[in-house]
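We have chain A already, so just place chain B on it with the hints.
Heads up: the protein sequence lines correspond to chains A and B, in order. Heads up: the first sequence is residues 1 to 82, going by the numbering used here. Heads up: the second sequence is residues 1 to 225, going by the numbering used here.
The hints are simulated quantities; they were obtained by calculation from the structure and are not laboratory data. Treat the hints with caution; some may be incorrect.
[To be verified] Coverage of chain B stretches by chain A, computed from C-beta distances (three or more under 8 Å per stretch; other residues unrestricted): (1) 59-72; (2) 91-100; (3) 149-155; (4) 195-207.
These figures come from a predicted structure and were not determined experimentally. Yeah, the Cβ is synthetic: ideal placement off N, Cα and C, and Gly gets one too.
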Amino acid sequence: MKARIEIRFRPGVLDPEAVAIAKALAHLGFEGVRGVTRAKVIELELAAGDAATARREAERMCEALLANPVIESWQIEILEQA
Amino acid sequence: MRAAVVTFPGSNCDRDLAVAMERVFGRPVVRLWHGERELPAGLDLVGLPGGFTYGDYLRPGAIAARSPIMAEVVRFAARGGLVLGICNGFQILTEAGLLPGALIRNRTLTFVCRSVRLRVETDDSPFTRGYRPGQEIVLPVAHHDGNYVADEDTLARLEGEGRIAFRYRDNPNGSRRDIAGILNESRNVLGMMPHPERACDPLTGGTDGVPLFRALLEPLSRGPA
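Chain A with its partners taken away, still in its complex shape (with noise of 0.2 Å):
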């Protein structure tokens, strides 16, 4: 099973990095761009033999370690191998 998360800020946690990149466009030229948002994935390979366990485990790991609720909220996806 393989688990994949992303990880991004709660929506009013100002992400100077996000804010960066959106003046970097503007720079190039492309005046379009209404707003960046910037996020992180992280892809776990897990042991589980079914997607609710694999998805169980991914919360726990998100919850202890990978993402900090204050400031984060994440997605799990779960892909089944082929």
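Just chain B now, with coordinates in the frame of chain A:
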């Protein structure tokens, strides 16, 4: 005053902090490794130093906050023990849940390394009673992730309970409400981005950090006598 300084992989201000404490306290400081599972008996103060623990991987302080010794530091703080986290130590304290909010990348995206003017906001804590409220002091900062963020309720609460210990006069990192250091609810845990341990010797550019350490020597007399 029996003090200890914790060294994590990637700490780099641990010796400076121990030297500053030893000079003011007049006795040796216990050096602890992050893998320890217990604190020595009779400890009054634990210092979490600056540095770049685990290369700041994942988030600054995130991995150090989950190291074995931190479970003990959390218990120590709950018993009323004094905990001082400086710079990366402050980041570790927020990641460990001992202080609210979080520290993210500086608004300028640049590493700031210079002396800054701070306003002491409260003398009501074991760490800050050597200063006068409103007093201006100068301490060095050296960080990339010192931009303090918290939701509005938390900020209002910190403000209302007088738990903002220090504020920047010229905010170098974008911190909400110019916050440079905060106290926990019981006021026995202080986290701050500026480095008082680097301002304890005129030879290295100032002594405004000394009153913080000296204040810790005074007997605690809080609440009605």
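Do the hints match the structure? See the list:
no.: 1; hint: 59-72; verdict: holds (count 4)
no.: 2; hint: 91-100; verdict: holds (count 3)
no.: 3; hint: 149-155; verdict: holds (count 3)
no.: 4; hint: 195-207; verdict: violated (count 0)
The structure shown violates just one earlier hint, number 4.
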